[in-house]
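Protein sequences appear in the order of chains A and B.
The first sequence: position 59 = 59 (our numbering), numbered continuously.
The second sequence: position 156 = 1156 (our numbering), numbered continuously.
Simulated from the structure, these hints should not be mistaken for laboratory data.
Watch out, some of these pointers could steer you wrong.
What the hints assert, rightly or not - Computed list of lysine-lysine pairs in DSSO-like fashion (alpha-carbon distance at most 30 Å, straight line):
no.: 1; chain 1: A; residue 1: K271; chain 2: A; residue 2: K309
no.: 2; chain 1: A; residue 1: K306; chain 2: B; residue 2: K1028
no.: 3; chain 1: A; residue 1: K271; chain 2: A; residue 2: K46
no.: 4; chain 1: A; residue 1: K46; chain 2: B; residue 2: K1028
no.: 5; chain 1: A; residue 1: K309; chain 2: A; residue 2: K46
no.: 6; chain 1: A; residue 1: K87; chain 2: A; residue 2: K206
no.: 7; chain 1: B; residue 1: K1007; chain 2: A; residue 2: K304
no.: 8; chain 1: B; residue 1: K1031; chain 2: A; residue 2: K206
no.: 9; chain 1: B; residue 1: K1031; chain 2: A; residue 2: K309
no.: 10; chain 1: A; residue 1: K211; chain 2: B; residue 2: K1031
no.: 11; chain 1: A; residue 1: K240; chain 2: B; residue 2: K1031
no.: 12; chain 1: A; residue 1: K87; chain 2: A; residue 2: K46
no.: 13; chain 1: A; residue 1: K240; chain 2: A; residue 2: K301
no.: 14; chain 1: A; residue 1: K240; chain 2: A; residue 2: K206
no.: 15; chain 1: A; residue 1: K267; chain 2: A; residue 2: K255
no.: 16; chain 1: A; residue 1: K255; chain 2: A; residue 2: K306
no.: 17; chain 1: A; residue 1: K301; chain 2: A; residue 2: K46
no.: 18; chain 1: A; residue 1: K304; chain 2: A; residue 2: K255
no.: 19; chain 1: A; residue 1: K271; chain 2: A; residue 2: K255
no.: 20; chain 1: A; residue 1: K240; chain 2: A; residue 2: K304
no.: 21; chain 1: A; residue 1: K301; chain 2: B; residue 2: K1031
no.: 22; chain 1: A; residue 1: K271; chain 2: A; residue 2: K306
no.: 23; chain 1: A; residue 1: K240; chain 2: A; residue 2: K271
no.: 24; chain 1: A; residue 1: K267; chain 2: A; residue 2: K206
no.: 25; chain 1: A; residue 1: K211; chain 2: B; residue 2: K1007
no.: 26; chain 1: A; residue 1: K211; chain 2: A; residue 2: K85
no.: 27; chain 1: A; residue 1: K255; chain 2: B; residue 2: K1031
no.: 28; chain 1: A; residue 1: K46; chain 2: B; residue 2: K1031
no.: 29; chain 1: A; residue 1: K240; chain 2: A; residue 2: K255
no.: 30; chain 1: A; residue 1: K211; chain 2: A; residue 2: K255
no.: 31; chain 1: A; residue 1: K309; chain 2: A; residue 2: K206
no.: 32; chain 1: B; residue 1: K1028; chain 2: A; residue 2: K240
no.: 33; chain 1: B; residue 1: K1007; chain 2: A; residue 2: K267
no.: 34; chain 1: A; residue 1: K267; chain 2: A; residue 2: K301
no.: 35; chain 1: B; residue 1: K1028; chain 2: A; residue 2: K301
Treat the numbers as computed from the prediction; the structure is a model and nothing was measured.
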Amino acid sequence: MIAGRKRKAKAAAAAAAAAAAAAGGAPASEDRQARSLVTPEGVDLKLRLGEAGERATALLIDLAIMVGVLVGFSLLTLLAFLGSKGKGGEVIATIWMLAFFVLRNLYFILFELTPGAATPGKRAMGLRVAARNGGRLTADAIFARNAMREIELYLPMGFLIANNGQVGAWISLAGLVWCGVFLLFPLFNRDRLRVGDLVAGTWVVKTPTRKLVPDLVQSSRPSHGRFAFTQAHLDAYGVKELHVLEDVLRRYETKTIALVAARIRQKIGWKAAPDESDGDFLAAYYAALRGRLESRLLLGKRRKDKHDKG
Amino acid sequence: MAQLHLKSYRFRAEREEDWRRLETLLAKIGKGSARALSDEELLAMPVLYRQALSSLSVARATSLDQSLVDYLESLSTRAYFFVYGARSSLAERVGGFFAREWPAAAQGLWRETLASFALTLVGVLAAYFLTLHDPDWFGAFVPDGLADGRGPAASAEALRATLYDKGGDRSGLSIFAAFLFTHNSGVAIFAFALGFAFCLPTAMLMAYNGCMLGAFLATFAMRGLAFEAGGWLAIHGVTEISAVILAGAAGLRIGWTLAFPGDLSRPEAMAQAGRQSATLMAGVVVMLFCAGVLEGVGRQVIQNDFARYGVALVTLVLWPAYLYLPRRAKAVP
Chain A
1 MIAGRKRKAK
11 AAAAAAAAAA
21 AAAGGAPASE
31 DRQARSLVTP
41 EGVDLKLRLG
51 EAGERATALL
61 IDLAIMVGVL
71 VGFSLLTLLA
81 FLGSKGKGGE
91 VIATIWMLAF
101 FVLRNLYFIL
111 FELTPGAATP
121 GKRAMGLRVA
131 ARNGGRLTAD
141 AIFARNAMRE
151 IELYLPMGFL
161 IANNGQVGAW
171 ISLAGLVWCG
181 VFLLFPLFNR
191 DRLRVGDLVA
201 GTWVVKTPTR
211 KLVPDLVQSS
221 RPSHGRFAFT
231 QAHLDAYGVK
241 ELHVLEDVLR
251 RYETKTIALV
261 AARIRQKIGW
271 KAAPDESDGD
281 FLAAYYAALR
291 GRLESRLLLG
301 KRRKDKHDKG
Chain B
1001 MAQLHLKSYR
1011 FRAEREEDWR
1021 RLETLLAKIG
1031 KGSARALSDE
1041 ELLAMPVLYR
1051 QALSSLSVAR
1061 ATSLDQSLVD
1071 YLESLSTRAY
1081 FFVYGARSSL
1091 AERVGGFFAR
1101 EWPAAAQGLW
1111 RETLASFALT
1121 LVGVLAAYFL
1131 TLHDPDWFGA
1141 FVPDGLADGR
1151 GPAASAEALR
1161 ATLYDKGGDR
1171 SGLSIFAAFL
1181 FTHNSGVAIF
1191 AFALGFAFCL
1201 PTAMLMAYNG
1211 CMLGAFLATF
1221 AMRGLAFEAG
1231 GWLAIHGVTE
1241 ISAVILAGAA
1251 GLRIGWTLAF
1261 PGDLSRPEAM
1271 AQAGRQSATL
1281 MAGVVVMLFC
1291 AGVLEGVGRQ
1301 VIQNDFARYG
1311 VALVTLVLWP
1321 AYLYLPRRAK
1331 AVP
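Okay, chain A solo, but in the shape it has when bound:
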């Protein structure tokens, strides 16, 4: 019975840790994506690279916007042409052609030149372009990275659209290989660079906008008086467990709370009072554990996890 509960609690903790990792909270699984960017002030901002899936999604959003704008604009020019009874044809055709050119070649460039350095698709996915050397993102770099889309994106697209049996099988195959090399290029290097990023010295990083959430210590303050943890109680866990606990408390799913509370009570040998709620217990234990670990941190001792006896 106890073993079963233990296993369940472990599973819940693992699930919470996994969920935290998915939300970008726990570092373990994202270390591969972390890159250091040291500011001139000497602080490492620890950037995270955009993942391949996010970037593909951003591209699809951008393409959808481009196609949408193109269709809308074409309809508009068509209406204008009909409205002018064919007289304004020349001007309208010229405008359409230039607009198409701007959309095809300048859409990415103009959006990436804005302070956000991101197209609408990238912005929606929380991404932005940054210079790899940590310096300024210059206009020539943006031009370079987007001019390369010609062979990465438009050539394969044109190839797919235009290829209606006019060319031989071998040429088709060669074309497919060519497209594959450039499309999948980001998957074959550590920094997820596409050819344009390589040529321009840029990369695509995440810029999550996080809200400042209330400190758990503050929001759970009133009921803490009744919990008096001893030092032995607080020495059961380290920083890693504290962070998992923080995540559990922030999510506050009743089932997980109950499981984790039971698991901790058992580990530290805490006798629950009859009217003690699991949530209050966890909040109080979190506050006490954090106080203990932080005061040791001030003395230069960071206890990594529960196995860290230092």
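Please arrange chain B on chain A, whose structure you already have, making use of the hints.
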């Protein structure tokens, strides 16, 4: 109430207001531009940014509130990109591009430009003499769609008619110019991007472009129309062909750097070469815009051979002078 004495909690309580202020300013910038900020707010930005950075360092060292550290990381990163982002206005950037960057890039790529020019020239000469020798070669160099009835089979009269606009119907010129500009720019950017595949496709494209030119010239020369065809071509061709040669040079530079990065590491060398050639490519697009106007409008309006040669001569002097004449170094402040 021991938890009230948590140092990390007090730390947060004391600085939270500044963080929120920075967040508000960043949100403002995100919505509009940097101009959305007042002077006072703009001056406050770097101070708030440094405060956030220092808070981040302290929080990393002393606080175990993971969400707080994450928040400060995200806040500092966003502020960093603003504070160290590009700050010059669009007008300054465009001015700097025309005054310094474009000519500097053209001068920096002189070797590639010579190579690209030589490839084009070889193409022109080869196709010219081959077509003179045997007109059947024309079909090999020029696709039917582009030839548009100007092949070796056409009579001298028919060829002459293609050189001059007799109809007097001047409508559709802007469409023609816009089409030429957008089409040629697309091709030039394509030629540049192809350079990434170790120069080869770009080099072939340059030589082939020269071949088409040579085959055309040979066709007209055979009918004794070399002088007239020269004027028809040169009025915009000087600008357009120079632009294509420069685009080829930019492509050759990135391909060459990929193969032989030199002293720098390959990614660093690529980034440097890519930025320089991209600057040149932006200039190429400007040149092709001029060429499009000259070809789409100028050539149709100007029907006199000597006037056409005159315009060609002016462009032949102006472009190299603008791009290659040494200029006074900007005084360093």
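Consistency of the hints with the structure:
Of the pairs offered as hints, the one joining K271 (chain A) and K309 (chain A) holds, with about 25 Å between alpha carbons and a cut-off of 30 Å not exceeded. The straight-line distance between the Cα atoms of K306 (chain A) and K1028 (chain B) is roughly 44 Å, outside the 30 Å bound, and the hint therefore fails. Annotation: proposed proximity of K271 (chain A) to K46 (chain A) is violated, straight-line Cα distance about 42 Å (limit 30 Å). This hinted pair checks out: K46 (chain A) and K1028 (chain B) have alpha carbons roughly 25 Å apart, not beyond 30 Å.
Between K309 (chain A) and K46 (chain A) the CA atoms are separated by roughly 28 Å; this keeps the pair inside 30 Å, and the hint holds. In summary, the hint linking K87 (chain A) to K206 (chain A) is not supported, as the alpha carbons are separated by about 50 Å, beyond the 30 Å threshold. Of the supplied pair hints, the one linking K1007 (chain B) and K304 (chain A) holds, its CA atoms being roughly 20 Å apart against a limit of 30 Å. Distance hint between K1031 (chain B) and K206 (chain A) is fulfilled; the C-alpha atoms sit about 18 Å from each other, no more than 30 Å.
Taking the CA atoms of K1031 (chain B) and K309 (chain A), the gap is near 50 Å; set against the 30 Å cutoff, the hint is violated. Distance check on the hinted pair: K211 (chain A) and K1031 (chain B) sit about 17 Å apart at the alpha-carbon level, within 30 Å; holds. With a C-alpha separation of about 37 Å, the suggested pair K240 (chain A) and K1031 (chain B) falls outside the 30 Å cut-off, and the hint is violated. Distance hint between K87 (chain A) and K46 (chain A) is unfulfilled; the C-alpha atoms sit about 59 Å from each other, more than 30 Å.
Of the pairs offered as hints, the one joining K240 (chain A) and K301 (chain A) holds, with about 14 Å between alpha carbons and a cut-off of 30 Å not exceeded. For the hint pairing K240 (chain A) with K206 (chain A), the CA-to-CA distance comes to about 24 Å; that is within 30 Å, so the pair holds. Distance hint between K267 (chain A) and K255 (chain A) is fulfilled; the C-alpha atoms sit about 19 Å from each other, no more than 30 Å. Only pairs whose Cα atoms come within 30 Å are accepted, and K255 (chain A) paired with K306 (chain A) is accepted, the gap being roughly 24 Å.
As the CA atoms of K301 (chain A) and K46 (chain A) are separated by approximately 22 Å, the hinted pair is consistent with the 30 Å bound. For the hint pairing K304 (chain A) with K255 (chain A), the CA-to-CA distance comes to about 27 Å; that is within 30 Å, so the pair holds. With a CA separation close to 20 Å, the supplied pair K271 (chain A) and K255 (chain A) stays within the 30 Å bound. With a CA separation close to 6 Å, the supplied pair K240 (chain A) and K304 (chain A) stays within the 30 Å bound.
Using a Cα cut-off of 30 Å, the hinted pair K301 (chain A) and K1031 (chain B) is violated, with the two alpha carbons roughly 43 Å apart. Taking the CA atoms of K271 (chain A) and K306 (chain A), the gap is about 21 Å. The hint holds against a cut of 30 Å. Taking the CA atoms of K240 (chain A) and K271 (chain A), the gap is about 24 Å. The hint holds against a cut of 30 Å. As the CA atoms of K267 (chain A) and K206 (chain A) are separated by approximately 38 Å, the hinted pair breaks the 30 Å bound.
Between K211 (chain A) and K1007 (chain B) the CA atoms are separated by roughly 22 Å; this keeps the pair inside 30 Å, and the hint holds. Taken as a hint, the K211 (chain A) and K85 (chain A) pair is broken in the structure, with Cα atoms around 55 Å apart against an allowance of 30 Å. Distance hint between K255 (chain A) and K1031 (chain B) is unfulfilled; the C-alpha atoms sit about 40 Å from each other, more than 30 Å. Our distance criterion of 30 Å between C-alpha atoms is met by K46 (chain A) and K1031 (chain B), whose separation comes to about 25 Å.
For the hint pairing K240 (chain A) with K255 (chain A), the CA-to-CA distance comes to about 21 Å; that is within 30 Å, so the pair holds. Pair hint K211 (chain A) plus K255 (chain A) holds up; C-alpha atoms about 26 Å apart against a cutoff of 30 Å. For the hint pairing K309 (chain A) with K206 (chain A), the CA-to-CA distance comes to about 36 Å; that exceeds 30 Å, so the pair is violated. For the hint pairing K1028 (chain B) with K240 (chain A), the CA-to-CA distance comes to about 36 Å; that exceeds 30 Å, so the pair is violated.
The hinted pair formed by K1007 (chain B) and K267 (chain A) meets the criterion: a straight-line CA distance of about 27 Å does not exceed 30 Å. Of the pairs offered as hints, the one joining K267 (chain A) and K301 (chain A) holds, with about 23 Å between alpha carbons and a cut-off of 30 Å not exceeded. For a cut-off of 30 Å, the pair hint linking K1028 (chain B) to K301 (chain A) is broken: about 41 Å separates their Cα positions.
Consistency note: the structure conflicts with the earlier hints numbered 2, 3, 6, 9, 11, 12, 21, 24, 26, 27, 31, 32, 35.
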